[in-house]
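Chains as they are written, first to last, in our numbering: chain S, 1458 to 1726; chain H, 1458 to 1726.
Warning: the hint list may mix true and false statements.
All copies of an identical chain are treated as equivalent in the list; a pair is satisfied when it fits inside any one copy or across any two copies.
Stated by the list, open to error - Straight-line C-alpha distance at most 30 Å; calculated DSS-like pairs for lysine-lysine: (1) Lys1563 <-> Lys1491; (2) Lys1636 <-> Lys1612; (3) Lys1582 <-> Lys1484; (4) Lys1651 <-> Lys1679; (5) Lys1704 <-> Lys1563; (6) Lys1712 <-> Lys1679.
Calculated from the structure, these hints are not laboratory results.
Number of protein chains: 2
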Amino acid sequence: MKALEKLLSKNEELKFVCVGLDTDLNKIPEHLIKEEEPLLAFNKSIIDATKNFAAAYKINFAFYEALGSQGFELIKKTLELIPDDILTIADAKRGDIGNTSEMYAKSVFEHFGFDSITLHPYMGKDSIQPFLNYSDKLNFILALTSNQSSVDFEKQILSDGTFLYQKIISSVNQWNKNKNCGIVFGATNLDELKLNIRSFSDLTVLLPGVGAQGGSFEDVLKVFHNQNRKNFIVNISRGIIYLSSDKNFSRLAEKEIQRLNEMAKTIFS
Amino acid sequence: MKALEKLLSKNEELKFVCVGLDTDLNKIPEHLIKEEEPLLAFNKSIIDATKNFAAAYKINFAFYEALGSQGFELIKKTLELIPDDILTIADAKRGDIGNTSEMYAKSVFEHFGFDSITLHPYMGKDSIQPFLNYSDKLNFILALTSNQSSVDFEKQILSDGTFLYQKIISSVNQWNKNKNCGIVFGATNLDELKLNIRSFSDLTVLLPGVGAQGGSFEDVLKVFHNQNRKNFIVNISRGIIYLSSDKNFSRLAEKEIQRLNEMAKTIFS
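Next comes chain S alone, as it looks inside the complex (with noise of 0.2 Å):
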């Protein structure tokens, strides 16, 4: 299936979490340490516990790549235990020239079978064409970032008055043609959100920054419901897979992600 109609599928169920699997083996419950490969049980009872209620699942490369090779083999592990339905989601924010996208368009989406990935804009189009050659792939691309420092270079203003986030927003819409193209917009902005919503015309987007980085699930629902739009996933990481330290924790994750369900089919319904 394609990587955007699974999501829309989700989507149109109403779901809209995407689980962030930064799995850390300094927070995961310390009964798992003891299994042959804790981290993968870590993220078997993770999936296990909500793969009825995620929209996607966002692998955070960065956690894994600190344990070198060992790190590539479990996100191989881990893509394996996630259904084939729901969207997957390489947190690589990759980018470089043309041949050297390619190969790592060709390891994301190749080697490892990703649905999609998240890309940085800096270098411009043609470091993410080979990104967009894969037509049923997805391809989230920075915007505005859920991070503080995101007013040092994206929030410039350009000599026409506008931002540069909003500048990337209008070549991804461009760049769109396949349709495999969103963007990410951290939902620590909310005010940018809600200015900017119609300048996304369709293009999936990709909300990072809830929880603990403050911003809140239920006012990007609101905001996208007042646009009656659907095409969107927040992404909770933290929030959703560290919330015990204990033998609960698969438990209490699936409690969470059905409570943002809940608060989803309230706002959407």
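Given chain S, put chain H in place with the hints provided.
Structure of chain H alone, referenced to chain S:
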């Protein structure tokens, strides 16, 4: 030894060539394919042939990641072949929110043990800070890249009339408290190099784009020599490592880097 000291000492010897290990199974000489580890055998031959002449080695992560965990193993094994006194660059172009950049820094600087890394500036200072905290490493932040689409965003004109990449260079200068910052500036942008070189201050400069991409090693040398400046390296990948698909590939690599070093000696003395 601190990363910067490694490089400065090579620069003092008038060595400015960074050998780019963009190692690709489809491009290495056929006779190596029957080796148990063809890619490692290729890297070993290139490193052995060039180590007396190289100022640095740059490992382009994409080419290794395309192979998954095996590629990450190959990076580790390749690093072991590089003499300790030569700068190693993880050309990984990372950059993410703070807690994620921390994990990337852990991967590249601690797990792999690289001396330096290339970074995307788009998300701003807090996305770079975790790398800056390693005071003995070197962080090359993208300023103006060598690809054609660098015009898309890097050359956007800001409201104060400067280009975005100039704003980034000025920010990186401010981030350079630990003397562990550098910039990436494409050798294809010779006019911009001449116009901006004074703004680089004491930032180390990594210049890709010579050879296959159209930049000239000689032209770059002359610009730096005119400024009485030695703190830079020019990356060459395809123009050194893929000069022949025959058994003489490493001999030709050696001759080419010697030729380039001779050119540097002629210009700088």
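So, going through the hints one by one against the coordinates:
no. : hint                : verdict
1   : Lys1563 <-> Lys1491 : between (35 Å within a copy, 24 Å between copies)
2   : Lys1636 <-> Lys1612 : both (26 Å within a copy, 27 Å between copies)
3   : Lys1582 <-> Lys1484 : between (38 Å within a copy, 26 Å between copies)
4   : Lys1651 <-> Lys1679 : within (10 Å within a copy, 51 Å between copies)
5   : Lys1704 <-> Lys1563 : between (38 Å within a copy, 29 Å between copies)
6   : Lys1712 <-> Lys1679 : within (22 Å within a copy, 65 Å between copies)
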